[in-house]
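J.: For reference, the chains in residue letters:
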Amino acid sequence: MATETFYDVMRRQGITRRSFTKFCSLTAAALGLPPAYAAEIQNAMETKPRIPVLWMHGLECTCCSESFIRSGHPLAKDVILSMISLDYDDTLMAAAGHQAEAIVQETIQKYDGNFILAVEGNPPLNQEGMSCIIGGRPFLEQLKEAADHCKAIISWGSCASWGCVQAARPNPTQATPVHKVPGLADKPIIKVPGCPPIAEVMTAVIAYILTFERFPELDLQGRPKMFYSQRIHDKCYRRPHFDAGQFVEHFDDEGARKGYCLYKVGCKGPTTYNACSTVRWNGGLSFPIQAGHPCIGCSEDGFWDKGSFYNRLVDVNGFGIEANADKIGVTAAGAVGIATAAHAAASAVRRARQKAGDEPAKAHDFEGQN
Amino acid sequence: MASTPVDDTPQGEPLVYVYEAPVRLWHWVNATAITLLFVTGYLIGSPPPSLNGEPSAHYLFGWIRFIHFSCGQIMAVGIIFRFYWSFVGNYFSREIIRPPVLSRKFWKGVMLETKSYALAEHSSRRYVGHNPLAILSMHVLFVWVAVFMVVTGLALYGEGEGPGWIHTVFTGPVLLLFGNNSLTVHTWHHFGMWAMVIFVLVHIYAAVREDILSREAIITSMISGWRKARKVTPID
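Residue numbers (the working numbering), protein chains in the order written: chain A, 1 to 370; chain B, 1 to 236.
Everything labelled a hint here was simulated from the structure, so no lab data went into it. Misleading hints may appear alongside valid ones.
What follows is a set of in silico ranges between Cβ atoms, one per label pair, in the way DEER data are often shown [unchecked claim]:
{"no.": "1", "chain 1": "A", "residue 1": "A256", "chain 2": "B", "residue 2": "S116", "range": "57 to 63 Å"}
{"no.": "2", "chain 1": "A", "residue 1": "E145", "chain 2": "B", "residue 2": "W144", "range": "27 to 33 Å"}
{"no.": "3", "chain 1": "B", "residue 1": "S56", "chain 2": "A", "residue 2": "A345", "range": "25 to 31 Å"}
{"no.": "4", "chain 1": "A", "residue 1": "R353", "chain 2": "B", "residue 2": "F148", "range": "53 to 59 Å"}
{"no.": "5", "chain 1": "A", "residue 1": "P172", "chain 2": "B", "residue 2": "G162", "range": "25 to 31 Å"}
{"no.": "6", "chain 1": "A", "residue 1": "E213", "chain 2": "B", "residue 2": "F148", "range": "42 to 48 Å"}
Covered, in the sense of this in silico footprint (three residues per stretch, anywhere, with C-beta under 8 Å from a C-beta of chain A), are these stretches of chain B [to be verified]:
{"no.": "7", "segment": "154–168"}
{"no.": "8", "segment": "201–212"}
Quick reminder that beta carbons are idealized off the backbone N, C-alpha and C, glycines included.
Let's have the full structure, built from the sequences with the hints guiding it.
T.: Written out as structure tokens, the structure reads:
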């Protein structure tokens, strides 16, 4: 195997050393590392052989790839793709058909136990995986085979991490997130949820793995802490309006024009862990809340099954009709209220009859329970 | 274990010191906290109408949330204290916290009281503290709901606070239990609120009803601590 480093590849692609150095410092900053690490990243890029990556696509919409190739990072579209030695990505590669599938086998043989498996989308388990066929066989098989030989797995996006829309109720194909696929080789998995994840988050995660040859620190759910340890709400620029009690009541009201908090129109920012309010999208241009739309919580597990995007109270199924916790609560409390009133009336009637002598009032039994 | 009757009324019915001062204090602090928690909690779910003007001039939602968090933490400390008091307090102090669920006599009492409340039978038994049905309903509908609300509440509080011990102890594990989704925890916290409302309705109704029907000062006993007892019947 050729010992071509990331730096060699970049130079070959016509990227200047100045641009390369800038990329390293920006990556260090994006990862939240001290400035000294820029040199470390640079050193790693100059000396380490490129790690091959197989980028597989299951049931998905390719929004992760679309996001990834639009990394607003100055060099991302030129560099990151070369940097990771993307050996196989059926939506981006020039090869097709048998030629493309042969690359998977080649990588597996050549870099057994040393390549990164990036998964976009997830496999459906029903009908023996027939709902997603890649190169003539179920994606489930391709995924399992690659997982057997890889070093680690990156679960790109909400599909691979949680299941996303194809796993929403009733999930007819039984689409299953990567870490829940039965029989999958026990390899370290990093989840980078979002629909899609932020481009800079994706490139930063890859850069970290390449630089330090390990995953960044993960939270309990397997997401990199550096991007997923805070909620959208915690860094939202509309937060002062939330604390003040200034809300958008309707999308066409005065509050909406003034940029008030979108909580009352269903913003899921307070329950969503992602970096949108800090990193933002399209090169830091904007993010949904800045554009006046509530966060829909796309990086959260099961966000399709949590009721309307425009309501804070989750719909609860299983009651025949759509209901939320407040409707159910008021109904239950009302029923109990009526029951106590009825019980009070019945008690009063009984007592009145006792007093009138219709019923003999029994002497209180003081014998205890025996 | 039952307290010794201390005082005799003119009718020869002894007065018993049922609720010690810390228990009474806990009860009323809780009652206040829960009322405030309900009002502020409901408003957090369904906020009041939007305010106008500069955001720096207002802190309405901040105050609502501050009151909610403060009362929740008071309730949490209260529960820890009350659990401790069930070990050092008098016989009645452990009734609702650690009920004798392994005692057959207790469950027989629950059955008898249920029949009595269903008006199928005249209430025939006297308990100085709570009757077995009251103990069971308070243990399940109050104690466990309160613990659930404190745990889920601290988990949600930890989300805002960010990494720290509350996040480590409550937020992380609770989120895992609720399918990794904070919104689901919110929904269950909401259900818990309504369970508490139902408890409050039943609790107040039962206390008022007993106060009238049994000719015993049930309600004032939570203020003075003393209750008239015709005969002390231990529940286990």
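J.: None of the hints should be skipped; say for each whether it holds.
T.: Results of checking the hints against the structure:
1. A:A256 <-> B:S116: 57 to 63 Å: 58 Å, holds
2. A:E145 <-> B:W144: 27 to 33 Å: Distance hint for E145 (chain A), W144 (chain B) is violated at roughly 49 Å.
3. B:S56 <-> A:A345: 25 to 31 Å: With a Cβ separation near 54 Å, S56 (chain B) and A345 (chain A) fall outside 25 to 31 Å, so the hint is violated.
4. A:R353 <-> B:F148: 53 to 59 Å: 42 Å, violated
5. A:P172 <-> B:G162: 25 to 31 Å: 39 Å, violated
6. A:E213 <-> B:F148: 42 to 48 Å: For F148 (chain B) against E213 (chain A), whose Cβ atoms are near 44 Å apart, the range 42 to 48 Å holds.
7. 154–168: holds (count 4)
8. 201–212: Held - the segment 201–212 of chain B has 4 residues with a Cβ nearer than 8 Å to chain A, which meets the minimum of three.
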